[in-house]
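Student: For chain A, the structure is supplied; the task is to place chain B on it using the hints.
These protein sequences, in sequence, are chains A and B. Residue numbering for the first sequence follows this note's numbering, starting at 1 and increasing by one per position. Residue numbering for the second sequence follows this note's numbering, starting at 1001 and increasing by one per position.
Treat the hints as calculated values from the structure; they're not laboratory data. Heads up, some of the hints might be wrong.
[Said to hold, decoys possible] Once the Cα atoms are required to be at most 25 Å apart in a straight line, the calculated SDA-like pairs of lysine to any residue come out as:
| no. | chain 1 | residue 1 | chain 2 | residue 2 |
| --- | --- | --- | --- | --- |
| 1 | A | LYS30 | A | ARG52 |
| 2 | A | LYS79 | B | ASP1292 |
| 3 | B | LYS1127 | A | LYS79 |
None of the values given here were measured: they were computed from a predicted structure.
So you can see what is in the structure, the chains are spelled out below.
2 protein chains.
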Amino acid sequence: MSEVYASIDLGGTNIHAALARADGSILAEKKEPTRSHEGPQAVIARMIQMMRELVEQSRHAPAALGIGVPGLVDVATGKTRFLPNLPTQWRNVSVGEQMETALGFPVRLLNDARTATLGEMVFGHGKAVSDLVFFTLGTGVGGGVVLDGRLRLGPLNAAGELGHQTVDPHGLPCSCGNQGCLETVASGPALAAEGVRLLLSGNAPRLHELCGGDLSRVTAATVGQAAREGDAMVRRAIERMGTWIGIAAANIVSALHPGLIVLGGGVAQLGELLIEPVKRTMHERVGMFPTDDVQVLTSQLGDRAGLLGGIALAARGAEFIPQLQPLKSYS
Amino acid sequence: MSEVYASIDLGGTNIHAALARADGSILAEKKEPTRSHEGPQAVIARMIQMMRELVEQSRHAPAALGIGVPGLVDVATGKTRFLPNLPTQWRNVSVGEQMETALGFPVRLLNDARTATLGEMVFGHGKAVSDLVFFTLGTGVGGGVVLDGRLRLGPLNAAGELGHQTVDPHGLPCSCGNQGCLETVASGPALAAEGVRLLLSGNAPRLHELCGGDLSRVTAATVGQAAREGDAMVRRAIERMGTWIGIAAANIVSALHPGLIVLGGGVAQLGELLIEPVKRTMHERVGMFPTDDVQVLTSQLGDRAGLLGGIALAARGAEFIPQLQPLKSYS
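With the rest of the complex left out, here is chain A (with noise of 0.2 Å):
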C-alpha cells in the first residue's frame, strides 16, 4: 500500500510541488516558474511534467494529489472557479479531470488559503484540536475554519474569507469592490506602504539604513527586523497592524469560540511583535465570555502550510471536507 502523496502549492508567480509520506516527511519537492501568460493549458503541461519528474526522481507512486490554487475552486468537479491572480482563460478549467486523466491518480483541488488550514491542521497546531481558525497573512489576506473537525466551504466551495470582513467601515478601498477589509491593513504590502511612509517621513531611520533608501526592499522582514532594531515608530505600526488583526479574531471568537486561531503566511513570520497585539485585542474585545482558552500562534509550518496542506488534502481531505467522501474521480 503507498503512503506517498502528492502536492502542488500553484501560486501567481511559482508552482511548488512535492511528494511526502503521509507524516508530512517530505521525500523530494521542486519549485518552476508559474509563467500564467502561456495560459491555463501549458500551466497544466508543467504541473504534471513536475509531477512526472517527482515520482520519477524518488521511484514513489502517490496515491493522491492535492493542489492549492489561488482562487475559488468547485471541490466536487475539480474545476477552478475563479483565479483573480491569474488571466481570465482560467475560469471553469477541469485541471483536477485533465490531471487525473494524465497521471493516473486522483488529483484534489482546494482554494491555497483552505489548504493550508488544511495542512495546519493535520500537521501543525490543529493537530490535537477539533475546531481551527486560520488566518493567512501574505500579498492578499485568506482564511480557513475548521469547526467540529470541518473545514467550512459554504455552497460555492467559497467561505473561509477572513481577509475580507469589514474591520474599519470607512477604511481604505479593497481589491475586492469592499473597503475597510482586513487585507486593506494587514497584508504585506500594507505593511510595506506603512514601512514606506515612516521611511519617507523621516521616522524610520533603521529601515531606511536597513534598505539603503531602495523602498523595494521594505518587506516584512525588513520592517520587522526594523522594529526590532529600534524604529519606534515602525514598532507602533506593527502592533496597529495587530490589533487590526486582534479585532477580526474577536469578532469571530464571538461568533464562534474556536479554540485556536493560526496566523499565517510571511507577515506572520514577524512573530512576538505581531502575536502580541493581536491576542491582547482579541481578549479585550471578547466581553461576552471568557477566552483563557482561546490560543493565539504562529503556524507551525511557517511558509511550507501550503506546500503540507496539499500532502493532508490528498491523505486525508474527505475527513475535512465531506463533499470530497464519494468522489472517485471526476470523469
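Tutor: Only chain B this time, still in chain A's reference frame:
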C-alpha cells in the same frame, strides 16, 4: 406516544410558557412576571407551577421541556452559568435537574437567542435549509449560527454572540466591555435613543406627534411608524442601523457563506425599512464571491421565535446539538 412538548421563555421581565405539538401548534400558554428579585428558587418554583397548571389545563403530559434562558448555560449539565440581566445568585443554579425532579420529564436549557434560532430552524424560514444565521435584535443583540445542520455552541456553549462583533472600532462603549459592538448601534435602546435625539432636536415632527412629546413612547414601533409617515431623518436613522447590521451580516457571509440570514426580535418588526439596507449592504460588502443565493429575511415566527424555540429544543434539540444526544437526565 406523546407528541406534546413544553417550552419556557425565561426573560428578565416575564416568564412565557407553553405546551405545543411537535409541529409547533400551541395547545396552551401562560405568561407571568419573572420577579427575579425573589431569587432563583422562587423563579424555579414559579416555572414548575406554571408547567403543572398548563399540563392540568390541557390534559397533555409533555415528553420534554425546553427553556430559553437570558444568558450562558451549560447545556450538558442544565446549569446556568451567567445571566447578565438577572441577579448574581443565578450563577451555577441546577435549573435543569431541579425541574426534572419536580416535573418528571426531561428538561433542556439553552441561551434564549440560540433557542430562538432553533425555533426559526424547525418551524420558520430554516425548515428547508441546513445553514442559518439568526440575529435577535431586541434590548440586546444576540444570535445563533447553524452550519450543516448543527448549532455552533463551542466549548462554553457561548458561541453565537453576533451582537458583539466590533462593527465600528472607535464606536460607543458596550455593556460587554468592548466598544463599537453591533449591539451599541442596532438594539432597541440604540434606535430609541436616536429617535429621542431627533425628536428633541426638532427633526422628527411626526414622531413627536405620535408620542405626544412623551419620550418613554419612543420605541422601535413608534420610530418605524414615524418613518413610514414622513419623518425623513427617522427613516435615515433606520437605514443607518440597517447598514450596521449589513456590515455584521457581510462579515459572517464572507467567513461562513450561510444561505440564509434571519432577523428576529422586536427591532426586526420594522420590516422592509430595516431589511432593505441590510440586504444592500451585505451584497455590497461581500466582494469575494457572488451572494445572489444568500437570503435575508425577517423571522417567520416574529415574537414567538423564542417560545417555539423551546418546543424545538425539547422535540428536536439533539439533532442540532450533539452534546444533547447521550443525555438522559442530569442526575
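Student: Determine for every hint whether it applies to the structure shown.
Tutor: Verification of the supplied hints:
Under the criterion of a C-alpha separation no larger than 25 Å, the hint pairing LYS30 of chain A with ARG52 of chain A is consistent with the structure, at around 11 Å. Distance hint between LYS79 of chain A and ASP1292 of chain B is fulfilled; the C-alpha atoms sit about 21 Å from each other, no more than 25 Å. For a cut-off of 25 Å, the pair hint linking LYS1127 of chain B to LYS79 of chain A is broken: about 31 Å separates their Cα positions.
Violation of the numbered hints given earlier is confined to hint 3; every other hint is satisfied by the structure.
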